[in-house]
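Student: Sequence:
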Amino acid sequence: MSANENGGGNPKLLRALEIFGNVFALNIMFIVFSLPVITFGASMTALYSVTLKMARKEEGTIGKSFLESFKKNFKKATQVWLVLIGIFFILFVEDLLIINVEGAISSFYLVVIIVELVVLAFALPFLFPLVARYENTLWNYFKNAFLLSVSNFGSWLKIMVAWGLPIFLSLWYPVLFFSTWYLWILLLIALIAYGTSFTMRKVFDRIVLVQESEKVRKEEEKAKKEYESKKRLADHIRRTSDIEKKEE
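Note that our numbering has the sequence shown beginning at 14, numbered continuously upward.
For the record, the hints were derived by calculation from the structure and aren't laboratory data. In this text the structure is predicted, and so the values were computed from the model without any measurement. A few of these clues could be false.
Said to hold, decoys possible - Derived Cβ-Cβ restraints for the label pairs, each shown as a range:
{"#": "1", "residue 1": "Glu81", "residue 2": "Phe121", "range": "18 to 28 Å"}
{"#": "2", "residue 1": "Val114", "residue 2": "Asn153", "range": "33 to 43 Å"}
{"#": "3", "residue 1": "Glu241", "residue 2": "Phe166", "range": "40 to 50 Å"}
{"#": "4", "residue 1": "Val50", "residue 2": "Phe166", "range": "46 to 56 Å"}
{"#": "5", "residue 1": "Glu241", "residue 2": "Leu160", "range": "17 to 27 Å"}
{"#": "6", "residue 1": "Gly34", "residue 2": "Val188", "range": "43 to 53 Å"}
{"#": "7", "residue 1": "Gly167", "residue 2": "Phe87", "range": "27 to 37 Å"}
{"#": "8", "residue 1": "Arg245", "residue 2": "Glu148", "range": "22 to 32 Å"}
{"#": "9", "residue 1": "Ile198", "residue 2": "Val114", "range": "15 to 25 Å"}
{"#": "10", "residue 1": "Tyr147", "residue 2": "Ser120", "range": "36 to 46 Å"}
{"#": "11", "residue 1": "Phe191", "residue 2": "Gly167", "range": "28 to 38 Å"}
{"#": "12", "residue 1": "Val188", "residue 2": "Gly167", "range": "46 to 56 Å"}
{"#": "13", "residue 1": "Leu30", "residue 2": "Val106", "range": "46 to 56 Å"}
{"#": "14", "residue 1": "Asn113", "residue 2": "Gly34", "range": "11 to 21 Å"}
Unchecked claim - Derived lysine-lysine pairs resembling DSBU-like cross-links, with alpha carbons at most 35 Å apart:
{"#": "15", "residue 1": "Lys25", "residue 2": "Lys238"}
{"#": "16", "residue 1": "Lys84", "residue 2": "Lys215"}
{"#": "17", "residue 1": "Lys77", "residue 2": "Lys88"}
{"#": "18", "residue 1": "Lys70", "residue 2": "Lys85"}
Note that the Cβ used here is the ideal one computed from N, Cα and C, for glycine as well.
Assemble the whole structure, with the sequences as input and the hints as a guide.
Tutor: Rendered as structure tokens:
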């Protein structure tokens, strides 16, 4: 039952408790469905599919929404995830080359890795949310995710900090991770996804506005062309009629 359906109590408190319960359930589902590793992409896509709806208060039944998205997007999300695994493997091999090779080749691969990491950092935040929202080709998912981040730098930065800071601190300070590992399993992943979904929602809303504006513009151009075409035809008919009258 949602907070709005409950007749008593503080609506804000009830909504907060509802969100907490939903985030907790989502986190557990995400962990469980990511265990086979190969399903991580589909699981992350399903997670963002639900949290984006939660940001609009349109989530419905959490478990049902998660499973529906997982099944619906499994193929394309898995393809995206396999590409990412391939990219991570290439980065690993290049890192080994830097360690084991000296001179210009090592410097070259260092520059290559830096460029690749920057591109990857810009593509990752919007990648699985795009899979959750749109049908597209594999290449366009990566391209559009990169372009979205570049064109919405402030939003990209917020999302990167939200994900990157806690992950960095957990890896940099192992004591911190060992003290909070259970929070990652129970809550933190879905909580970060939910928090960043508000930023992503604004970005996607702007896309919708641009698409609608473009649609209106094209419809206006089409109507204008049809009007001009009909006007030319009417002028032509009028001129032909005037010529015939003069000939008579």
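Student: Any hints this thing doesn't respect? Which numbers, in order?
Tutor: 1, 4, 5, 6, 8, 9, 12, 14 and 15
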